[in-house]
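There are 2 protein chains.
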Amino acid sequence: MIQVYTGNGKGKTTAALGLALRAAGAGFNVYIGQFAKGRLCSEHKALKKLKNIKVEQFGRGCFVKNAPKQDDIISACQGLKKAKEIISGKKYRLVILDEINIALKLKLVSIKDVLDLIKHTSKDVELVLTGRSAPLEVIRLADLVSEVKEVKHYYSKGIRARRGIEL
Amino acid sequence: MIQVYTGNGKGKTTAALGLALRAAGAGFNVYIGQFAKGRLCSEHKALKKLKNIKVEQFGRGCFVKNAPKQDDIISACQGLKKAKEIISGKKYRLVILDEINIALKLKLVSIKDVLDLIKHTSKDVELVLTGRSAPLEVIRLADLVSEVKEVKHYYSKGIRARRGIEL
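Going down the list, the protein sequences come from chains W and G.
One point on numbering: in this note's numbering, the residue at position 1 of the first sequence is 1, and numbering is uninterrupted.
One point on numbering: in this note's numbering, the residue at position 36 of the second sequence is 36, and numbering is uninterrupted.
For the record, the hints were derived by calculation from the structure and aren't laboratory data.
Quick caveat, the model's predicted, so the values are computed rather than measured.
There may be inaccurate statements among the hints.
No copy labels: a pair is met if it fits in one copy or bridges any two.
To be verified - Once the Cα atoms are required to be at most 25 Å apart in a straight line, the calculated SDA-like pairs of lysine to any residue come out as:
| id | residue 1 | residue 2 |
| --- | --- | --- |
| 1 | Lys-112 | Leu-167 |
| 2 | Lys-54 | Glu-150 |
| 3 | Lys-107 | Arg-163 |
| 4 | Lys-90 | Asp-71 |
| 5 | Lys-82 | Arg-160 |
| 6 | Lys-152 | Ile-118 |
| 7 | Lys-152 | Ile-74 |
| 8 | Lys-48 | Ala-26 |
| 9 | Lys-119 | Ile-159 |
| 10 | Lys-45 | Glu-56 |
| 11 | Lys-157 | Ser-110 |
| 12 | Lys-157 | Ala-26 |
| 13 | Lys-51 | Leu-136 |
| 14 | Lys-84 | Gly-158 |
| 15 | Lys-107 | Ser-88 |
| 16 | Lys-149 | Val-125 |
| 17 | Lys-82 | Ser-156 |
| 18 | Lys-54 | Leu-115 |
| 19 | Lys-51 | Leu-141 |
| 20 | Lys-107 | Pro-135 |
| 21 | Lys-48 | Asp-116 |
| 22 | Lys-119 | Lys-157 |
| 23 | Lys-49 | Leu-136 |
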């Protein structure tokens, strides 16, 4: 099954992390590839304690903004290549491509490659794609799409991302 | 801060689980009180491996439908009482009341009691409330509200909840 978590609200990556936790609890192997991110957040420390979860990051140390560099493109393409290997290897029951929609929006990876990846995902693999602005083509292929809408956010009050909560 | 995850889409409880994972990774103590649920899902096995997360359930072995029984009300009220103690005890940095909105909708707990709990939550505590149909009064008091909208769901194709993915 293909699951997509998109929209402008808080909760997309955390929903994917929750899925990882549940799948790991069931004894499944979980792979998390994080795109357009490079900083180790608090969740990595907890994820390390769960043996059947593997996390890899494909980005520079900061969240990619509007002007991606050559290195961002190289990292993201490496991530997509790795995701292909992971999916075809069938070791992992749950594969999460975190912020892949952002990588698509920034054109770090091509939509054709991502659609190919989705189409070649076996039914035994749960593939989860997160990030705002999921393209329509991805939504069309997905079996489940949740749009996380921001109704209210404390960022608008000037509160910045906090360790252990957002980071 | 008060965070609310509501809406009819998949991802509310899993987002809260992801928050728990991240907070635990930062070394915070996390309390998860699950309302209107009583079945142990796969995530509990993984949560047990994370020492600073405590989970308690306040419900019978099945998800409460439209006709709650006396036992459902007693369990939910015990859960809310426990949540008050947990919040005032200040041992826990993150407190998640999973499906509390459902408990409110089914009138298992009173809106007045939940609003009181929110108002008496110290700023040092992150309180997370999940479940569809969050009441307006709760939304008004919250600092962050994400509405998870169902755009597509495989349940509509007749696929049932699966171990390690939904259960």
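Cross-check of the supplied hints:
| no. | hint | in the structure |
| --- | --- | --- |
| 1 | Lys-112 with Leu-167 | neither (32 Å within a copy, 33 Å between copies) |
| 2 | Lys-54 with Glu-150 | neither (30 Å within a copy, 29 Å between copies) |
| 3 | Lys-107 with Arg-163 | neither (29 Å within a copy, 36 Å between copies) |
| 4 | Lys-90 with Asp-71 | neither (29 Å within a copy, 45 Å between copies) |
| 5 | Lys-82 with Arg-160 | neither (33 Å within a copy, 31 Å between copies) |
| 6 | Lys-152 with Ile-118 | between (33 Å within a copy, 16 Å between copies) |
| 7 | Lys-152 with Ile-74 | neither (35 Å within a copy, 33 Å between copies) |
| 8 | Lys-48 with Ala-26 | both (17 Å within a copy, 12 Å between copies) |
| 9 | Lys-119 with Ile-159 | between (41 Å within a copy, 19 Å between copies) |
| 10 | Lys-45 with Glu-56 | both (13 Å within a copy, 23 Å between copies) |
| 11 | Lys-157 with Ser-110 | neither (36 Å within a copy, 30 Å between copies) |
| 12 | Lys-157 with Ala-26 | between (40 Å within a copy, 24 Å between copies) |
| 13 | Lys-51 with Leu-136 | neither (35 Å within a copy, 41 Å between copies) |
| 14 | Lys-84 with Gly-158 | neither (40 Å within a copy, 29 Å between copies) |
| 15 | Lys-107 with Ser-88 | within (24 Å within a copy, 48 Å between copies) |
| 16 | Lys-149 with Val-125 | between (27 Å within a copy, 24 Å between copies) |
| 17 | Lys-82 with Ser-156 | neither (37 Å within a copy, 32 Å between copies) |
| 18 | Lys-54 with Leu-115 | within (23 Å within a copy, 40 Å between copies) |
| 19 | Lys-51 with Leu-141 | neither (31 Å within a copy, 39 Å between copies) |
| 20 | Lys-107 with Pro-135 | within (12 Å within a copy, 40 Å between copies) |
| 21 | Lys-48 with Asp-116 | neither (31 Å within a copy, 38 Å between copies) |
| 22 | Lys-119 with Lys-157 | between (42 Å within a copy, 19 Å between copies) |
| 23 | Lys-49 with Leu-136 | neither (37 Å within a copy, 39 Å between copies) |
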